[in-house]
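Asks: Sequence:
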Amino acid sequence: VRNRMEVLQQREQGMVALMESAQDLSEQLELASLLAAIVDRTRRLLGSDMAWISELDDACGVFRALTSEGGLTRSSMAMSIRSDRGVASVVMSTRMPFTTPDYLHDTRFNHDPRFDDVFRVEGICALVGVPVIWQDEVIGLLFAADRYPRVHTTQNIAILRTLATHCAVALKNARDFERINTALGKADEARSELERHVRGVQAAADAHEEITLLLARGASLATLCQAVAGLLGGSLLVLDEVHQIISQGVADGYGGTAAQRYQPHGERSADLARALRQARLTGRSAQAYEADGEICRVMPVIGGDDALGAIVLFHQTPLEEVAERTFERSSSVIGIVLLSQERQAASNHRGMSALMRALVSPRQDELAVLRNRAEQFGLDLAQPLSLMMIELHGPSAGFVSRRLLQMPESRPCLIDDIDGIVVVLCGTTRALELRQALSQWIHGEVGKAYRGVVSRPMASPAELPAVFATIKRSMDILRRLGLQEQFISQNELALYSTLFETHDASSLEQFLEASIGPLIQHDRKRHTALTTTLLCFFDCNQNARTTAQRLDIHVNTVRQRLTTIEGLLGHLGQASRALEIHVALRLWSLRS
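Numbering (our numbering), first residue to last: 1 to 592.
A portion of the hints provided could be inaccurate.
Now the in silico label distances, taken between C-beta atoms and shown as ranges [as the list claims (entries may be wrong)]:
1) E485 to V198: 39 to 49 Å
2) D106 to Q135: 27 to 37 Å
3) L184 to Q244: 48 to 58 Å
4) R479 to P318: 45 to 55 Å
5) Q383 to A437: 14 to 24 Å
6) G567 to R456: 36 to 46 Å
Since the hints were made in silico from the structure, they are not lab data.
Every value quoted in this text rests on a predicted model; they were computed, and no experiment measured them.
By construction, the Cβ of each residue, glycine as well, lies at the ideal position given by its N, Cα and C atoms.
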């Protein structure tokens with residue numbers, strides 16, 4: 001009767017513990033507390049020295065202890081064992097409970113040395129383990145251990161299995177709760193991102209509306225620059241075709257100084273050119289460089305099929321996608337303004353262009369009509385006139401002619417681009433001053449190679465068509481000679497235009513080599529001045545004494561050099577040979 005009463009009492013305690021565990025599952029959501037409660041009840045119901053719950057890590061194939069109770073050392077709180085070792089391997093493969101009265105000496109499974117070491121330190125002898133199963137999948141193990149040999153009853157194992165079921169529910173609920181929290185977190189992030197995007201779209205729409213309203217009201221380029229700089233929180237530069245600043249704006253409170261240090265042909269020119277090429281290929285803005293805490297971003301300004309320039313933004317923090325789009329759209333608005341300005345300038349320039357073409361045309365209008373039209377531009381055709389032609393490698397002739405018209409030195413004169421060449425007509429008295437001003441402007445603003453021809457003075461506009469044709473042929477000669485970065489007088493090229501206008505660069509090179517090639521090579525190898533001496537000798541009518549005076553050397557030195565020259569080129573007394581050499585020397589002088 002006493003045994004019967006003890007069994008009934010144990011069953012009652014087990015039922016109470018199971019009901020308490022089930023109640024915990026319905027009331028508590030915190031996983032650690034639930035598992036700790038299950039482990040505690042396992043110890044109390046079975047009267048075991050130690051109990052713990054392990055969860056399977058599928059990625060590693062390892063059971064790791066989540067919570068334990070009754071351990072004497074720290075190592076028992078972090079136990080782990082592979083799923084193919086120890087009791088875990090048996091329970092994992094059979095999906096059934098497993099008991100052993102003497103774990104360390106049981107040979108029914110493969111032992112894990114590290115796990116066995118923990119049991120030795122703890123003094124564990126008997127062990128019982130049951131699988132924690134959810135949807136026919138082992139997700140963990142529930143263990144109870146004693147420090148003496150013990151055989152567990154079927155009732156104990158049944159209670160342990162029920163607690164393992166509770167444990168499975170707790171783990172499953174925790175996983176579901178974690179997934180829900182993760183999903184909610186992602187939903188919150190998505191909502192926040194959507195809200196940011198909506199705010200960005202609204203900001204972009206507001207910015208576009210503001211810029212469009214300014215454009216509709218006829219705002220100046222400077223006003224537009226200031227508005228865009230304020231919207232983007234940086235400093236904005238508008239550059240023309242040769243990277244000169246034509247307008248700029250800076251946001252209130254922006255402390256960067258990179259825009260102030262900008263130079264058209266400075267140390268960052270290569271970075272800007274590379275970024276602009278990339279932007280033209282992709283149709284999107286590109287970052288040129290980052291220095292001193294400022295980021296430089298560029299976008300080309302396109303008008304029709306032509307590049308009108310670029311906009312450059314300096315900012316201190318990376319731009320969001322919407323801000324980048326605002327920057328890129330602003331280039332279109334600025335392009336409209338620049339195109340409008342260009343068309344207005346072209347309209348104002350149209351009359352000058354028509355007059356210039358009428359003057360150089362073989363079929364001129366009446367001179368009286370041309371004089372009246374020229375007076376509208378302040379040019380007196382009754383005075384001696386000079387014509388200039390300029391060819392550049394870089395910006396278009398139309399762009400250069402428009403910029404030259406803005407120079408104070410260009411008034412009064414006519415400037416136009418004809419067949420890709422800049423043509424300038426001015427009074428002869430101002431030709432030298434204007435020539436120097438043009439050279440300085442091209443060197444400073446354009447920074448590209450150029451060549452130019454200045455005509456002889458003309459007493460009447462009627463001479464213009466013939467002179468125009470002549471210096472155009474002279475320009476061809478300069479191009480074939482490879483001359484750059486200088487203006488040449490028409491008189492200097494008159495003979496060569498007639499002799500060599502049908503020759504190309506290679507034939508001119510062959511002529512020089514055949515005529516004075518040995519002389520040039522001798523000077524190059526020995527660092528002498530025989531070529532210069534011979535040219536001066538011919539220019540002085542082959543007078544050695546005059547040549548010596550002009551070169552500031554002794555006459556005997558001249559005679560010695562002439563002897564050396566005749567040894568290289570042969571006798572100079574033959575008239576045709578002397579003329580050929582003199583022409584070659586003049587061409588060599590032009591090229592030098």
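Asks: All hints are to be evaluated individually against the structure, with a verdict given for each.
Replies: Hints and how they fare:
1. E485 to V198: 39 to 49 Å: 57 Å, violated
2. D106 to Q135: 27 to 37 Å: 31 Å, holds
3. L184 to Q244: 48 to 58 Å: Hint holds: Cβ distance 56 Å, inside 48 to 58 Å.
4. R479 to P318: 45 to 55 Å: 48 Å, holds
5. Q383 to A437: 14 to 24 Å: 19 Å, holds
6. G567 to R456: 36 to 46 Å: For G567 and R456 the Cβ distance comes to about 39 Å; the hint holds.
Checked against the numbered hints listed earlier, the structure breaks hint 1 alone; every other hint is satisfied.
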